[in-house]
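*Asks:* With chain A fixed as given, assemble chain B onto it according to the hints.
Heads up: the sequence lines are chains A and B, in that order.
In terms of this note's numbering, the first sequence opens at residue 3 and continues consecutively.
In terms of this note's numbering, the second sequence opens at residue 506 and continues consecutively.
These are computed hints drawn from the structure, not numbers from a lab.
A hint or two may mislead.
Claimed, not checked - Label pairs and their calculated CB-CB ranges:
#1 Lys581/B - Glu84/A: 22 to 30 Å
#2 Asn604/B - Arg8/A: 20 to 28 Å
#3 Ala4/A - Ala617/B: 31 to 39 Å
#4 Arg8/A - Lys615/B: 15 to 23 Å
Glycine is no exception: its CB is placed at the ideal position from the N, C-alpha and C atoms.
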Amino acid sequence: MADPMRIRANMVDGKVEVKVLMAHEMETGQRKDSKGATIPAWFIQSVTASHNGKTVLDAQWGPAVSKNPFLSFRFAGGKPGEKVSVTWTDNKGEKRTDEATIS
Amino acid sequence: MTAMPNLEQNIVNPLSHETEEENTMSMNRRHFLKGTSGATVMALAASAGLLGAGAAEASTWNENAFKAKNLNETVKALGGQTATESKDITITSPDIAENGAVVPVSVSSKLANVESMSILVEKNPNSLAASFNIPQGTEAFVSTRVKMGQTSNVHAVVKAGGQYYYATKEIKVTLGGCGG
Numbered sequence: 003m004a005d006p007m008r009i010r011a012n013m014v015d016g017k018v019e020v021k022v023l024m025a026h027e028m029e030t031g032q033r034k035d036s037k038g039a040t041i042p043a044w045f046i047q048s049v050t051a052s053h054n055g056k057t058v059l060d061a062q063w064g065p066a067v068s069k070n071p072f073l074s075f076r077f078a079g080g081k082p083g084e085k086v087s088v089t090w091t092d093n094k095g096e097k098r099t100d101e102a103t104i105s
Numbered sequence: 506m507t508a509m510p511n512l513e514q515n516i517v518n519p520l521s522h523e524t525e526e527e528n529t530m531s532m533n534r535r536h537f538l539k540g541t542s543g544a545t546v547m548a549l550a551a552s553a554g555l556l557g558a559g560a561a562e563a564s565t566w567n568e569n570a571f572k573a574k575n576l577n578e579t580v581k582a583l584g585g586q587t588a589t590e591s592k593d594i595t596i597t598s599p600d601i602a603e604n605g606a607v608v609p610v611s612v613s614s615k616l617a618n619v620e621s622m623s624i625l626v627e628k629n630p631n632s633l634a635a636s637f638n639i640p641q642g643t644e645a646f647v648s649t650r651v652k653m654g655q656t657s658n659v660h661a662v663v664k665a666g667g668q669y670y671y672a673t674k675e676i677k678v679t680l681g682g683c684g685g
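The following block holds chain A by itself, in its conformation from the complex (with noise of 0.2 Å):
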């Protein structure tokens, strides 16, 4: 199981501004462990963030996304105590979802 992201959700200008922290290797595919063998991707290739049950952002992403993900946005329409909620998925079908309160 893929460890928690880190999401905030503050208010920023009247808009709510979210930072995501993810933790995953992103693995690129194209780099070679000691023996020579090339090790195989592993990287996020979605992800999705959602308030009141709304897309506000929809990524695709490749493995030049650097390991750890960092990603942050802006939506309007949010206020100070709803929930955004972040789901992303790997191209081995893994998922994660959680959510932060807005603040």
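*Replies:* Using the frame of chain A, we list chain B on its own:
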């Protein structure tokens, strides 16, 4: 690319299919050959890692876009024809990135009706790093961190009102992050 400095030495991946035993190797080979034509086998082998076991499951993942090698190919794979250069797209990043494995890149746009934003690194093995759909109500701004193998132009491709626009910024890398 294979000789990139390895930031984490001695990686042991228990999920690696590849062992030195020939049996396992030939099993893998058969697995590859199944369902692919001979002509694509080399290409598959080259990007074997990219086509990991779960790749087929994520059906919405735009595999072609992530295989594209340059700006034009990527724009086409994303569904556009050509992209027009635009001054209304801003790429915020350091001019010189010390560590190519972690290069902070932000993209924002003043264009109206932004639908999607993508970040491309021209000289990476595959250009497209990340693509974001921006629904209404979400600001045309994303910030993330990408890997860069070497000093390269970074493009931001923005789809706005059905048209594709791009902006370019060169980021110098002192330590490659492709292998890291």
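*Asks:* Next step is simple, just say for each hint if it's right about the structure.
*Replies:* Right, here's what the structure says about each hint:
1. Lys581/B - Glu84/A: 22 to 30 Å: With Cβ atoms ~39 Å apart, the hint is violated.
2. Asn604/B - Arg8/A: 20 to 28 Å: Between Asn604/B and Arg8/A, where Cβ atoms are some 21 Å apart, the hint holds.
3. Ala4/A - Ala617/B: 31 to 39 Å: Taking Cβ atoms as reference, Ala4/A and Ala617/B lie about 38 Å apart, which means the hint holds.
4. Arg8/A - Lys615/B: 15 to 23 Å: Given range 15 to 23 Å: violated, Cβ gap about 30 Å.
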